[in-house]
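Asks: Since chain Z is already given, all that's left is putting chains U, X, G, R and L on it; use the hints.
There are 6 protein chains.
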Amino acid sequence: MPLSARNQLSGKIIEIQYGDVLVHVSVRVGKNVIESVITRRSAEELGLKKGDVVKAVVKSTEVMLQKD
Amino acid sequence: MPLSARNQLSGKIIEIQYGDVLVHVSVRVGKNVIESVITRRSAEELGLKKGDVVKAVVKSTEVMLQKD
Amino acid sequence: MPLSARNQLSGKIIEIQYGDVLVHVSVRVGKNVIESVITRRSAEELGLKKGDVVKAVVKSTEVMLQKD
Amino acid sequence: MPLSARNQLSGKIIEIQYGDVLVHVSVRVGKNVIESVITRRSAEELGLKKGDVVKAVVKSTEVMLQKD
Amino acid sequence: MPLSARNQLSGKIIEIQYGDVLVHVSVRVGKNVIESVITRRSAEELGLKKGDVVKAVVKSTEVMLQKD
Amino acid sequence: MPLSARNQLSGKIIEIQYGDVLVHVSVRVGKNVIESVITRRSAEELGLKKGDVVKAVVKSTEVMLQKD
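Protein chains in written order, with the working numbering: chain Z, 824 to 891; chain U, 824 to 891; chain X, 824 to 891; chain G, 824 to 891; chain R, 824 to 891; chain L, 824 to 891.
It should be emphasised that the hints constitute simulated quantities derived from the structure, not laboratory data.
It is possible that some hints are incorrect.
Since the list gives no way to pick out one identical chain from another, each pair is judged satisfied if it fits inside one copy or across any two copies.
[Said to hold, decoys possible] List time: in silico DMTMM-like cross-link candidates among lysine to aspartate or glutamate, alpha-carbon distance up to 25 Å:
#1 K873 x E838
#2 K872 x D891
#3 K854 x E838
#4 K854 x D891
Isolated chain Z, as found in the complex (with noise of 0.2 Å):
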């Protein structure tokens, strides 16, 4: 099932951060950390855990950019 989101980068968990709501997830992806904040609802739902192998997704309006 094909996902209209441009952004979909492949890469592992490295942390769980938890909150009462929300949970803070940080995902090595190539040289870069994405930081993704979801509901903690979605991660347990998910059983995201270190480690795991995920995709962290972006729709291209929700991306800006910066010139060096």
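Replies: Relative to chain Z, chains U, X, G, R and L alone:
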């Protein structure tokens, strides 16, 4: 001037598609391509062109996770 | 491959309006119509057309509430 | 005072989970449940409680599509 | 009908640029100009025009901070 | 390093409410108060505190309009 957005990925612009109000920009980041949709006005003010080194910037609350 | 986005509403495409960079897609979900703006590139790669069954996907942090 | 957001779905609150800064609210809309994360401050100022009739409001640029 | 979005800034439309699917609207708010991209359909249904008094509405999870 | 986000409003922090994963920051901008929810980690790394001068940054696709 550091920005709170936790995802700031350095890359190089490989394509810009101009629309009337928005533009679709593709940025190579490591082995991935990040796609961004920003206003045409910003693209012109920043003078974005193919080959430019830029950062793709994403707020962590905009990043979803998909389990493999 | 389950996705963390908590809102995934099944429906049928009833209209697609093509722009240069983006498209405006209307999806009937029960008695409601959900409207989505995605890249033209995604619409073409997914081969979206009127009558297609799709899911409208929304991250919960993007949903506001209005009291009646 | 009409709002530009194209998705405004009427429903009834079936659950509120309170966090320190944010709350996770579930709203029954037809046969679906829409989940929203808003600030605790807004939930308290609006006096949201189980059984309240609300609209779930989503900007169309925040809606992705997934093909079945 | 109060909305959970915490940022609702009153201003006056100073410019509208029409695209095929979206429009780019500039709103003077105090000494600042707020720029918004909404669907052309919403702009037409609301009958937006230069000089109109409007509120620019932003969910707090969409606001980043940059330190000077 | 200029950023594509078109809304960058200078102001002064008047309140920070700490949650476990996120923080709720209020910034006075002219006669308005802008509220932002960012990660606790960013707030700590930026060393944000009451009285700091900051910019509130918002991508134009995140701004809705409401007609009075």
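Asks: Give a verdict on every hint.
Replies: Here's how the hints hold up against the structure:
no. : hint        : verdict
1   : K873 x E838 : within (6 Å within a copy, 30 Å between copies)
2   : K872 x D891 : between (35 Å within a copy, 13 Å between copies)
3   : K854 x E838 : both (16 Å within a copy, 22 Å between copies)
4   : K854 x D891 : both (19 Å within a copy, 20 Å between copies)
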